[in-house]
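Can you join these two chains into the complex? Each is in its own frame, and there are hints to help.
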Amino acid sequence: MANDPQRYTGMAIALHWLIAIAILCTFLLGQYMSDLQLSPAKLKLYSYHKWIGVTIFLLVLARIAWRLGHRPPAPPPSMAAWQHHAAGAAHFFLYALTLAIPLSGWLMSSASGFQVVYLGVLPIPDLLAKNKETAGQLKELHEALNWLMVVVVALHVAAALKHHLIDRDNVLQRMLPFLKQRSVAK
Amino acid sequence: MKFPALALLVALALSALPARAANVDYAKSEITFVSKQMNVPVQGRFKKFTAQIAFDPKNLPASKAQVEVDLASIDTGSSEADAEVGKKGWFNTSAFPTAKFVSSSVTQAGPDKFEAKGKLSIKGIGQDVVAPFTAKRTGDTVTYEGGFLLKRLQFKIGEGIWSDTDTVADEVQVKFKIVTTGDK
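Protein chains in written order, with the working numbering: chain P, 1 to 186; chain H, 1 to 184.
Only chain H is shown next, with the shape it has when bound in the complex (with noise of 0.2 Å):
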């Protein structure tokens, strides 16, 4: 009786493994996030990143997410500040391309709210981050939405003379909307 045990062995590994990684619909997912310039609010967003997102209200030990963005992929609101972000001073995308936040843990907030916490990791630079979230599911869709504080100069985004906060403020508002389809 080798299969009913194979079997069984196969339900056992799958039931250890974290809740099961759902298909991110990246049309209708987005990260965008709010500098201020002088004190004036200006959008921005990221066009390309990649969400591994793993969750379940139910078992929220087992829940996950990874998040890479790509940086070189910024819209920081005009083309000007575009070219600017790239180089040494800010994000330095050749030699750093990518940020990426891995959660440590999920846990509940409220109802349908949660908090993510996790290292972001951004030029080399690691700190912890805690992003609530909201989870809203219809039919096998989840909207995951949220955001959290970004201080700049943590990461050494913006260096030299842009360090100056009274015209780039340290705080820049990241918010992330995920969609998933065919989550059980």
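The shape of chain P in the complex, shown without the other chains (with noise of 0.2 Å):
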């Protein structure tokens, strides 16, 4: 794709659209499966869970090294500074949380005794051996960076929305492609 200074690039936009379904899904899914009673469902939505954790971390890695190679588009001249570096550490947050939430949900599930194997194939090491104690507190982590990451995602929505619909720049055209461009004054 044709490098466009105002978007962000194709795949980084496909990257970032697959990431946000997927944690939307597996979000709602984790809310859903932990109020089930044991049956064959609740084993299964646990391991699609579970896979979509792992696909989610996966992908993130996947973004953050095509970042790296593909600088993202320079925001509006118009933003003010403190907007910058609220933007900034909303994104770093934003991908260290997609990197965090994974993680803890995999020790939290070698803790509690379940090792995690990758769409029932491939198994992922157990980093830590089962104990009650630690699967517990690795559970509440998990589940305090996902409200932590509602917070981030909350902001980050409502940011772009800000950006679209008050500051009405072509920040949130960066990342839809199918928006029209505005013509802003530079």
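Because the hints were derived from the structure by calculation, they are not lab data.
Cβ atoms here follow ideal geometry from the backbone N, Cα and C, with glycine treated the same way.
Mixed in with the good hints, there may be bad ones.
As the list claims (entries may be wrong) - So, partial list: chain P residues that the calculated Cβ filter (under 10 Å) puts toward chain H:
#1 Q37
#2 S39
#3 K42
#4 S109
#5 S112
#6 F114
#7 Q115
#8 V121
#9 P123
#10 K130
#11 K132
Said to hold, decoys possible - Simulated crosslink set (SDA-like; lysine to any residue; CA at most 20 Å straight-line):
#12 P/K44 - H/P41
#13 P/K130 - H/G44
#14 P/K42 - P/G113
#15 H/K175 - H/Q43
#16 P/K42 - H/K87
See below:
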């Protein structure tokens, strides 16, 4: 794809939305499955949740690698310095959380005595031995990180909408290929 | 000369008996199993069981083993599953509290290697099983280690929705380690 300085690359856009959808799905799945009574369906859903988590982790690594080779488009010059910092911090947190949450889930699963077998075929080694107390602490960590993620994603979405609806700049268009770019005074 | 005759009779009777049962050291013995859930191996064990073992490698036809497992003492690996497997569709422990293995023959399978054939009864269902095992002696302590593949559906362990083997595999690897002392 041609390098458009106003847009993220096609790969970055694809990974962003793919990861966003996967996170939304597995977050909702995680909320739903933990209250279920034990059943074959519950065991399946737990496995799917873990598989999606591993997939997200891998996609985020791919995205970071891609980003290192493809700098994101420059933010609009109209943005205040504090907004640059806020956006930078939010993006850093999003990357960190999208890695930390699957990691905490994997460790929690190991500590609970359930190895993660990716897609039912690839066993991921257990870093932690089974330990009920550790498992409980990691479960709380996994949940706390998720709620932190909800807050950061809410800010991220609110900021994107604010740019689009209030500032009326091209920040959202950088990540949404089907939105027409506006001609904004530079 | 009543006494020597009686002694002879007792000696004869003893030699006809199966090999003497040894004391089981339960602190060092264990019955564990690995079940597979969504292809994830999960370790479990039974905390309570009794074993009677009379084993003499020089007199295998007289060797015998009988193991009785308290099914309610199961530790499946998760408390959620522990509560589940006592139910009717699983072990139905209120009606069938124990699993029992009674050997019918013990044969040599190699140096220090043996095979115990016998009947395993769970949930009122008896199935023939063959359990290869090793017997290692140090002093008067003998360690028996072995296992066999149990097909849970043959014993109706996990009926109804749980009979779906894509979620919980049919094969359960059962392992045992039984340590006896005072064996001469």
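Here's how the hints hold up against the structure:
Interface restraint check for P/Q37: the shortest CB-CB distance to chain H comes to about 9 Å, inside 10 Å, so the restraint holds. This hint holds: P/S39 has a C-beta 6 Å from the nearest C-beta of chain H, less than the 10 Å allowed. The restraint placing P/K42 at the interface with chain H holds, with a minimum CB-CB distance near 9 Å, inside the 10 Å limit. Taking 10 Å as the C-beta cut-off, the interface hint given for P/S109 holds, the closest approach to chain H being about 9 Å.
The beta carbon of P/S112 is positioned within 10 Å of a beta carbon in chain H (closest approach about 7 Å), and the interface hint is therefore held. For P/F114, the shortest C-beta to C-beta distance to chain H is roughly 6 Å, which falls under 10 Å, so the interface hint holds. The interface hint given for P/Q115 is met, as the beta carbon of that residue sits about 5 Å from the closest beta carbon of chain H, less than 10 Å. With a least beta-carbon distance of about 7 Å to chain H, the hint placing P/V121 at the interface is held under the 10 Å criterion.
Contact between P/P123 and chain H, as hinted, is supported at the beta carbon level, the nearest pair being about 8 Å apart and thus within 10 Å. Evaluation of the P/K130 hint against chain H yields a held restraint, the C-beta minimum of about 8 Å falling below 10 Å. The beta carbon of P/K132 is positioned within 10 Å of a beta carbon in chain H (closest approach about 9 Å), and the interface hint is therefore held. Restraint check for P/K44 and H/P41: the C-alpha separation of about 14 Å stays at or below 20 Å, so the hint holds.
With a C-alpha separation of about 12 Å, the suggested pairing of P/K130 with H/G44 holds against the 20 Å cut-off. Restraint check for P/K42 and P/G113: satisfied, since their Cα atoms lie roughly 17 Å apart, inside the 20 Å limit. With a CA separation close to 11 Å, the supplied pair H/K175 and H/Q43 stays within the 20 Å bound. Between P/K42 and H/K87 the CA atoms are separated by roughly 17 Å; this keeps the pair inside 20 Å, and the hint holds.
Of the hints listed earlier, there is not a single one the structure fails to meet.
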